[in-house]
Every structure is written in C-alpha cells, then in structure tokens.
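In order, the protein sequences belong to chains A and B.
According to this note's numbering, the first sequence holds residues 154 to 685 in order.
According to this note's numbering, the second sequence holds residues 1005 to 1240 in order.
Incorrect hints may appear among the rest.
Far from chain B, by Cβ distances over 10 Å, these chain A residues were calculated [unchecked claim]:
(1) 426
(2) 460
(3) 642
Each computed DSS-like pair below joins lysine-lysine, with the alpha-carbon atoms no more than 25 Å apart [stated by the list, open to error]:
(4) 1072/B with 677/A
(5) 1009/B with 1119/B
(6) 551/A with 173/A
(7) 677/A with 1157/B
(8) 1016/B with 181/A
(9) 551/A with 1079/B
(10) 1016/B with 1211/B
Read the hints as simulated data drawn from the structure, not as lab findings.
Note that beta-carbon positions come from the ideal geometry of N, C-alpha and C, so glycine has one too.
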Amino acid sequence: MNKLWALVRVQLMSAFGINKMIKSRDKKEKRKLIGFAILMVFVGASLLFSLIIYDFMFADMFSKAGVPELLPALMMAASSVVTFITTVYKTNGLIFGFKDFDMTMALPVRTRVVVASRLAVLYLMNVGFCLLINIPSAIVYLFFASPPATYYWFLPVLILFIPLIPMIIGTAIGSLVTAVSSKFRHANIISIVVMLAVTIAAIAFSTSVQTMIIQPETSSDAIMNVAYKMYPPARLYTKALCSSSIVSLAVFVISSLALFLVFALVLSRFYNIINTALTTSRARSNYRITTLKVSSALMALYRRELRRYFSSPLYVLNTATGMVLALILGIALLFFKPVQLEMLIEAPGFADLLVTMSPMIITVMVCMSCTTSCSISLEGTSLWIIKSLPISADTIFKSKLLVNLTITIPAAVISAVLLALALPINALQVLFLILTPIAFAVLTAEFGLLMNLLHPNFTWTTETTVIKQSLPVTITVLGGMAVSILLLVGLVKIPSSLQTIGLVVITLAAFTADVILYRLLKIKGTQLFKTL
Amino acid sequence: MLEIKNFSKTYKGGIKAVDNLSLTVDSGDIFGFVGHNGAGKTTTIRAIAGVMDFDEGDILINDMSIKKDPVGCKKILAYIPDSPDLYGYLTGIQYLNFIADIYSIGKLQREENIKTFADALGLTPSLGDLISSYSHGMRQKLAVISALIHSPKLMILDEPFVGLDPKAAHTLKGIMREMCRQGSSIFFSTHVLDVAEKLCNKVAIIKSGKLIACGDVATVTGDKSLEDVFMELIEE
Chain A
154 MNKLWALVRV QLMSAFGINK MIKSRDKKEK RKLIGFAILM VFVGASLLFS
204 LIIYDFMFAD MFSKAGVPEL LPALMMAASS VVTFITTVYK TNGLIFGFKD
254 FDMTMALPVR TRVVVASRLA VLYLMNVGFC LLINIPSAIV YLFFASPPAT
304 YYWFLPVLIL FIPLIPMIIG TAIGSLVTAV SSKFRHANII SIVVMLAVTI
354 AAIAFSTSVQ TMIIQPETSS DAIMNVAYKM YPPARLYTKA LCSSSIVSLA
404 VFVISSLALF LVFALVLSRF YNIINTALTT SRARSNYRIT TLKVSSALMA
454 LYRRELRRYF SSPLYVLNTA TGMVLALILG IALLFFKPVQ LEMLIEAPGF
504 ADLLVTMSPM IITVMVCMSC TTSCSISLEG TSLWIIKSLP ISADTIFKSK
554 LLVNLTITIP AAVISAVLLA LALPINALQV LFLILTPIAF AVLTAEFGLL
604 MNLLHPNFTW TTETTVIKQS LPVTITVLGG MAVSILLLVG LVKIPSSLQT
654 IGLVVITLAA FTADVILYRL LKIKGTQLFK TL
Chain B
1005 MLEIKNFSKT YKGGIKAVDN LSLTVDSGDI FGFVGHNGAG KTTTIRAIAG
1055 VMDFDEGDIL INDMSIKKDP VGCKKILAYI PDSPDLYGYL TGIQYLNFIA
1105 DIYSIGKLQR EENIKTFADA LGLTPSLGDL ISSYSHGMRQ KLAVISALIH
1155 SPKLMILDEP FVGLDPKAAH TLKGIMREMC RQGSSIFFST HVLDVAEKLC
1205 NKVAIIKSGK LIACGDVATV TGDKSLEDVF MELIEE
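Chain B on its own, in the form it takes in the complex (with noise of 0.2 Å):
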C-alpha cells in the first residue's frame, strides 16, 4: 500500500532531515512511526501526504507515485497534520461538505459517514457552529471526520491522539482497528510508545533522519518493551 524508497529531504541551508529511508506498509497494517523530537517524522509524513515536495526517492501509494500522480494518490489517502489549522470561517458541516465536494462524494454516501463517525467522536451537535468556536479536541476530532469521509486506502496521521479526551481518542482506536480489518493500512507517527505497543502490528524507529529499527512489533522489541528498545537506540 505504501512504499517508501530511499528518502531522503535536504531543507535551504542544508540541512538533512530525513537520509535514504526506505520502509514498506502493507495493507492491513497498522504501523507506528517513533522518533525523538525533530528525527525527521514530520518531514517524512509531510512528504507522503504529498503536502511537502521532495528532489531524492520516491514515495509510492498503491503503487503510483506521488510525484508523477499526486492527485491520484491523495484520492485513496487522508492525513491529518499534529496540529490540524482549519478553517475557522466555515461551520463544522460546511467544511466536511467542502471535504466530500473534493473527493467527489455521493449525497447518500456523506450524510451517513458525516453522521456514522461524528456521532461516534461525539461532535454532531456542534457542527453548526464555526470552526473558529471549536476546541483543539474538537478540531482534532473534525479533521479525524473529514479523514474518513471518503473511506480511504492510506491513512497517515501525524500525533493522532494529542488533543483528543480519553474517549474520542478511544473511539479513534477502534477505527483504526475495523479500518485495518476492511483492509485500509495506517501509518502513524507518536511519542506515546505505549500506544504503538499496544495498537500496532509493525513500528519503524527514526534517529535524526535515519530508520534505525522496522519491522513487527514483537521482533523489533523481543522481550523488552519498545520503551526500552527506544530508549537504548536512541541513546546509542
């Protein structure tokens, strides 16, 4: 589902923040993307979100690129960035209806995701009301909604559970899981190593823009818990 193929990103200055990574998520997956502040998360999921442009590798969706077809990609994938700017000038529903306007989705089809996911996160009530009025969580929340509003193949999240109550964040767990189930993959970046542990099948470690550890859970760990795999790699 997704390929990622010797990445690497050099910022004006020069400043490498991502070196030659190469990972691959297949479908069904759940895979967790852990790293120190500023390794080179953000960067990476920046670029296959297709928000960033790139000179070295290649990103793959699905096996189309995201450099010759951006447009195809981003219509099987939704991301939602660590922290998701809105637009404050809309309503709640007048974005998520802006959102399926965009990937062309049937007026039957909307209104019961709208309705399935925004009853779930517990956010239908205010979806009247401006964006501008909103929250952090209930942001959160509403970019979560217009991330499944089109039932995607790729999920890229950047720190998906900051910001959201203990319910909503919960609730967001079990989508995942009924996603990767339906055969979608999700690929997430988060500091909570506990989270990883627990919820994903596969994790791929990322030391100042190097991947210094991928692949399932259980053999990246082996009897210790990824905090402490973490801790002694990044120590190294």
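Just chain A, same shape as in the assembly (with noise of 0.2 Å):
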C-alpha cells in the first residue's frame, strides 16, 4: 500500500506542480503557481456557477413534466460522457506509453502496483469531475423532490462508483487507438480523426439528447427512456437514489467494481506486452541517401513545427475542435438554411445571430484554437537544439505563429465562405467575415506564445501537462474565449444600425494589437527565450 501512495503521491506532485510550489526556492516561480492555482480555483467556481444554473433550468423542467429524478440520471450520464473523454485522451501517456515508464518499471514493485497507481490518478481526477458535476445537481434536486432518507447516505456512495465503468470503456478505447496507430506509418493521423470524431460524436450525442428534453412534446416516459437509453446504468443509479432501492445500490456498485477489477487484473497481466506493442514501432533500417530536398532556415523551421504539431493527436485535438466545428457550421449551412439550423439545435435566435454576427462567431471558434501557447514549452528536454542553431529568436517565433495560422486561417477562410455562400449578406460583411477572424487569429497566436515564453515548462513527463493543464493554455483559451464571446455579446447589445461600425472597430483594434504584440515578442519575447 505504501509502494503504491507513494507511486501515486509522485504522479499527483508532477501533475499538478504541488511539489514545485511547496519546494520552490525561486519565489517568481511560486508566485506564478500559487497565481496558476487561483486561477484554476477561478476556472472550477465558473465552471460551478454554470452548472448551478442549469441544474436549476433542468430541474425546473424536469418537475414541471412530473421527472424531477431525471436530473441526477442526466447528471449522472453526463459525468460519465466526460469520465469517458477524459479516459480516451489521457490512456496513451497517462497509462501507457508515459515518460518516466522504464524508471517505473525497473523499482522493486509488482505490476500490479504499478498499473493501480497509474489507474488511480485517472480515477481521481475522474472522480473530481464527478463530484463537480453531481454534488450540485443533487443539492438542486432537494428543491424540487423529497428523497428518501437514504438519499443521503447512497449519493456519496454512488458517485464513487461512477467513473468505473466508463473508465473501461475510456481506456479500451484509447488503447485500440494507439494499438491501431502505432502500426501506420502516418499513425498520428489515424488517431487524431479517430479521437475527433469521438469528440464531435459525444457532442452531437449530447446535442441531441438535450434537443429532445427540451421539447415541450416530448413525454417524461420517453425523456426518462432517452437518459436510460444513453447510459443504461443510469437506471440504476436513479433507482437507488431517488427510490430507495438497494438493490439497484448493490447491482450498480458491485457490478461496477467487480468489472474494473476484472479490468484492472488483464490490464495488469498484459500491461508490459500491451505497452510495448503500442510504444514500440519497428524499424525498417533499409534506407539508402538520395535526393534531398533544400529549403530556407524559416520553411525548415515551419516544416519541423508542422510535424510536432501532428505528431501528438492530444495537440491537435486540443486545437482544432474549434476550427472543425466551425468548418461544420459552414456545411451545414450548406444543406439547411439557417432557420432550419435554429431549430434543429434548438436555439432560439441562432438564425438572426448568424446573419448579423456571422464574423464574430468564427472568431469565437478561432480564439479555442491555440497551437503557440504550448509550443515553447512542448520543446522539452529538445530546446538546446533551437537554442545552439544559428537562428534568431524572431525567426523560431515566426515559425510557431505559422503552424497556428496554418490551422486556423485556411479554416476560417472556408467556412467564411460557405457562410457566405449561404447567409443573405452584403459585400461589406463578406470583407469582414474574412478580415475579422484573421485579426483575431493572428492575435491569439501571438499572446499565446507571449503567455508560453512568460510561463514555460520543461519538466513535464507527459505531453498532457503542457497542453491541457498549464497556465498559458488557460489563460490564452480562456480569455480569447471570454473576450471574444463578450464582444459578441456587446454587438449584439447594440442598436443594429451601430453593429457594423462596432465591428470594423473591433477588427481594427485587433490588428493594430497584432502589430503591437508582434513588436513585443521582437523585443520582450526575444529576452525572454535568451533566459530559458
């Protein structure tokens, strides 16, 4: 039991920089932790607030068609939705195929221990989500139901059980992916459209489920059966919550636990096998030199950020959902006008928005898709190789810059233009539908590598900590994401006959802060790379 805290006590330290900030003599170092911590205590209180108010709406709904009990059932599969998407991301680095593996498996400790541990970090931080999204659900449904008294003695229980079983199905998942992909020359491709369409899949999924409980038409018995039908252990759980029932309490814990150790024994009877067949690649050694091909230091150095950035499915996940999304938009467009659009996703006003806003809602898309602001620290243990080349700073930040406006302006342009192509526009909001996205682009590409040199690190042991959960990802998605969503707010606030002026605005200031972030990584940013 020792072995394995201690295994796990080591996994939580680098994961989250605990270690660092307790130990830390450099106090700018602390400071930007303890700062990283508040802001992710920032992140978790919104994240909160939200799901307060939607419960609140749901359950509101949910009562007045006679299923109040539909809100810890919804509440519940949408936990697992995201235990399961988690799972899938974090398997290969996480369980498999992480930095640190051969120093792991050479200590004295059984495999088993060492499969537990890994586990166990993913069932914490799983665990967390599900407290996050089910502790305050069930509060709210205390408003709209008297529970049993055994309400509160099983909710704990459950809860600790949720993330099980999609746990499993999260790494099976995740191992067939690398599995399937490390046997592919081009295999990060494979992994990144199969990992997309996960995602895009589980949000239509969502979508859709939503869609239909909102309908005033639909029945509380088919609403009940649309939550059963997406997560069936559902059943269960609301069984044993809100009806007393042990016996769904006793099926849904046992057969939840005696599945993940049923799981938790093959993963740790196959793990050396299965982790040597996904990290291992086989080497052809035939190769004979012939042509090769010469380019300039700049195109070198775009070809080689290129290739990182699909090399890691994590990365490009991480960064171009937005950009996916928005080239979906375009396409469907495309196929329904945007009336039909409003109704199929249900959202009251879309259509107006889409006309008059059109701009703004791909700069949204753009500002979630940042490649820079992990790209200095993703260098790694690798960065003394752009340090002693003959190259300036300038011309390395050059090269980022574009592998970001790589992926969002080419985007951005096309789904421009299926917009345009569908939405009854003038030729002015054409010009901006392009221009607007563009400023927008180029400036979140710049602060995000401005973030990344200001907060970089070079430690990590897994892809994972960079691009997900370090400091300048946040702040650059985040507040791209919450500047960007304000502005449209504020446009849309404002008499229409002002709103393409406030948007020529809008885009003007944002490429007056491109050219002035720009000089600022000439200057500032240039400094800063001479001290990593």
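If you follow the hints, you should be able to join the two separate chains into one complex; please do so.
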C-alpha cells in the first residue's frame, strides 16, 4: 500500500506542480504557480456556478414534466461522458507510453501496483469531475423533490462508483486507437481522425439528447427512456438514489467494481506486452541516401513545427476542434437554411445572430484554437537544439506563429466563404467575415506565444501537462474565448444600425493589437527566450 | 578560436556554478575539460554554445562575442550536449536535412557530408527510421553527424563518448583529430581521464566552479598521469 501511495503521490506532484509550489526556492516561480492555482480555483468556481444555473433550469423543466429524478440521472450520464472522453484522451500518456515508464517499471514494485497507481490517478481526476457535476445537481434536486432518507447515504457511495465503467470503455478505446495507429507510418493522423470523430459524436449526441428533452411535446417516459438509453447504468443509479432501491445500489456498485477489478487484473496481466506493442515501432533500417530537398531556415523550422504538431493527437485535438466546428457549421449551412439550423439545434435567435454576427461566431472558434500557448514548453528537453542553432528568436517565433495560422486561417476562410454563400449578407459583411477572424487568429497566436514565453515548463513527463493543464494554455483559451464572446454579446446589444461600425472598430483594434503584440514579441519575447 | 574571459554564472538562489573562469582554445587544439560532478563543466559548455544566458564575463568565438552576436558565433560552432534529446517525431534524415537547411548548406555538400559521416558511424541504414525508435547510442551518433554537417570551426562537446560503442568512439576520435589537423578546434568535457590524456593537446581542470589547472597536457601532468594530478588537485 505504501508503494502504491508513493507512486500515486509522485504522479500527483508532477501533474499539478504541487511539489514545485511547496519546495521551489525561486519566488518568481512560486508566485506563478500560486497564480495558476488561483486561476484554476476561479475556473472551477465559474464552472460550478454555470452548472448550478443549468441544474435549476433542467430541474424546473423536469419537475413540470413530472420527472424531477431525471436531473440526477442526466447529470450522472453527463459525468460519465466527461469521464469517458477524459479517459480516451489520457490513456496514451497516463496509462501507457508515459515518459518515465522505464524508470517506474525498473523499481522493485509489482506490475499490478504500477497499473493500480496509474488507474488511481486517472480515477482521482475523473471522480473530481463526477463530484463537480453530481453534487450541485443532487443539492438542486432537493429543491424540487422530497427524496427518501437513504438519498443522503447512497449519494456519496454512488458518485464514487460512477467513473469506473466509463473508465473501462475509455481506456479500451484509447488503447485501441493507440494500438491501431502505432502500426502505420502516419499513425497520428489515424489517431487524430478517430479521436476527433469520438469527440464530435459525443457533442452531437449530447446536443440531440438535450434537444429532445427540451421539446415540450416529448413525454416524461420518453425523456426517461432517452436518458437510460444514453447510458443504461443511469437507470440503476436513479432507482437507487431516488427510489431507495438497495438492490439497484448493490447491482450498480458490485457490477461497476467487479468489472473494474477484472479490467485492472487483465490490464496488469498484459501491461508490459500492451505497453511494448503500443510504444515500439519497427525500424526498417534499409535507408539509402538519395536526393535531399533544400529549404530556407524559416521553411525548415516551419516544417519541423508542423510535424511536431501532427505528431501529437492530443495537441491537434486540443487546438483544432474549434476550427473543425467552424467548418461543420459552414458545411451544415450548405444543406440547411439558418432557420432550419436554429430549429435543429434548438437555439432561438441563432438564425438572426448568424446573419448579423457570423464574423464574431467564427472568431470565437478561432480563439479556441491556439497552438502557440504550449509550443515553447513542448520543446522540452530538445530545447537545446533551437537554442544552439544560428537562428534568431524572431525566426523561431515566426515558425510557431505560422503553424498556428496554418491551422486557423484556411479553415476560417473556408468557413467564411461557405457562410457567405449560405447567408443573405452584403459585400462589406463578407469582407469582415474574412478579416475579423484573421485579425483574431493572429492575435490569439501571438498572445499564446507570449504567455508561453512568460510561463514555460520544460520538466513535463506527459504532454498532457503542458497541452491541457498549463497556465499559458488556460489563460490564452479562456481569455480569448471570454473576450470574443463578450464582444459578440456587446455587438448584439447595441442598435443594429451601429453593429457594422462596431465590427469595423473591433477588427481594426484587433489588427492594431496584432502589430503591438508582434513588436512586443520581438523585443520582450526575444529577451525571455534568451533566459530559457 | 575560443576565448573565455572572466566568466561567472550564478543560478537563482545564489548558487555560483562557475567563478571567474578564463581560458583560451587555439585553432587546431583538442582541449579537454575535466572536473568532478557538479564542478561547472556543463554550465561552462552551455554558455559557450549560447544555450544559456549569463551576466558576468564574456565568451569570444573567432573574436565574436556570444552575447553580442550569438547567431554569428553559432554559424561556426557545433554543440552536442551530454544526453542529446533529438526530435523523436522526425526521421534521422529529416533531422539532418533540417539542420542542413538551418546552416544553409548546399544540396551537394549536405548529401556528401551526410553520406561520409553516416557511413563512417554506421548509421546510414537507419536514417529513414523515426528518431524515437533509435537507441541512446544511435541518437548520439546522429547528433555527431548533425554537428559535423556544416564543417564547424569549433566543436563543443559534453561527454561525447558516453553511449557510443567502441567502434563509433574510435571513429569519432579519428574525426576529431582530422578536424583539428585542418585547423578547427574542439573543446570537450569528459570524466574519462585516460581519453583526455591520450586525445588532447591541452587540458583544464575545474573544481567547484574555479579553474585549478590549465595548459598543455605535458605541462599539467609533468611526470605523473592525468588521473594522479586530478586526484591530487581535487583532494587538496
């Protein structure tokens, strides 16, 4: 048990920078980490607040339909989806293929303890999400129903067991994707496509369920069936929680635990074999030097950066989903009229918003797609290469910015053209449909790079730490989305006669900020790069 | 070729890794830099290579300051760290071509240099494979080839023989000697005192950040072995 705890503890220390925060003698570093912790608490609190609002909305709706117990069922299913997606994304890097695998496996610890430690960290992470989603809904439920006394006893037990089954499915799919992709030369493209499909399918599924739920003509039985069909264990969960069914509780707990234990045992048994199969590639060793292509330094850096980008499915998925959604919106508009789309996604006013605010809608998606905010950290232990080469920091920055713009600008322009074809907008609106997202694409890329130069991390053991859990990524994505959404809402609120002028002002301001940030990168960014 | 003038480096927290170090490496020198673990060898080497920033002193490469003209200096030097982590997502040949592009090496010259050094180190058949599939020694060989691709005037190597098989180590020593015969210089750190004594014409010993001996190998060692001299100086 001590060994298990030691392995879990060392992972937690590395994942959240707790050890650095406590032990670092560097005050600046410490301040940064404390700042990050405060930001994460703020993000968590904002998320909690939004969840409570949603819980009240749903609870009110369900209680009017006579099925208040649908709220805990739905939230349980939602937290299972979150657990599933998190697990799919984290399998490669956390369970398999982690950087300190050799060091860990060389320790005098049984393989099953190593497996248990990796699963424990994943479980702790997922149970955190489950608590965040299910506790508020369980409290809100009390305002709309009078559950039996067992509710208070069963709830904590049930929540602790929610992540187990989604974790099994998620790990299995994550391993399968890694296994299949490791057999091909362009393996990562396959991983990216499959993972993107899983994410979009999950989003589409949740949206369609939500749409069905909020349709007034849907009967309460139909709603319940949708929730249970979406995730069958939700039926056991709801029966145990809201109807005081000890049998359902026992079946849910025992089946989750038994399946998980069997899964963990199988995983331990074949852990080394699976890990070796997933992480080794067969070398052909038959190369002969032929003609080599010559490029400029910037082009060479750009190509290297692009290869780095596509070598990591996690990196691509975390930064390209926004642009994929923008393209899906554009393509959807070729088949559906804005009004039909509004009905389809059940968002009243979306059609009008699309016509007047399409530049800002694409801009929000552009702001979600920042590759630069972790591109410096991702140099990791290979940083010495670019630092020892005869190239200026400015050239390195350009290559990183260009990759971000390669991801955002073509997709934004294609989406803009598709939207321009589908929407009744004039030439000036078409112009800004293209210019505004471009201005924000440059701004996001520059801001992300500056943030990463200010807060780099080269000591990561899994890419997830810098791609998903780092301060510069959080600030850039949340900040970018918050600013673009606020501008969108601001534009909607002003009189329609002033909206075009407002858009012009925002676009010009963004282009001005682009120039200022680029100069800042050249001066301050170069200084920061020298100190890395 | 290389002149280190009163170089000092203090890390955050006030730890002085190198204290007022000065030395000169002339054209054609194979200069060995020896010292105990944590003596300041890697710090000095990283500063020379322009990988690490420093405040005190200056480092001149071919009379150019690494502080004032880092790009100019880096054009004529090559650096290999003790454990070269290369880009695992590139194949060996993609990595070498990337380095050749950065140094603006012409098509024919890069093809010829890569072939010569990759054949010599026995890495040619593996150049089409991803670097992530390479062993430590193969990565070390690739780093050596990438350092030689632009025919540098100064090579800075941190423990270059660690991880190389005996044949590759022998080949590298031959390449180093040939480079110096043609007027280039090599400055490298090592723990293997026997190698330093046999390969180098000059040697410097660093202890706790301070230079305690420097000069021709024969002058520094006198009638003793480098190992004896090193042990005496370290234990003093």
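Go through the numbered hints given earlier and state which of them the structure violates, listing their numbers in rising order. 2, 5, 6, 7
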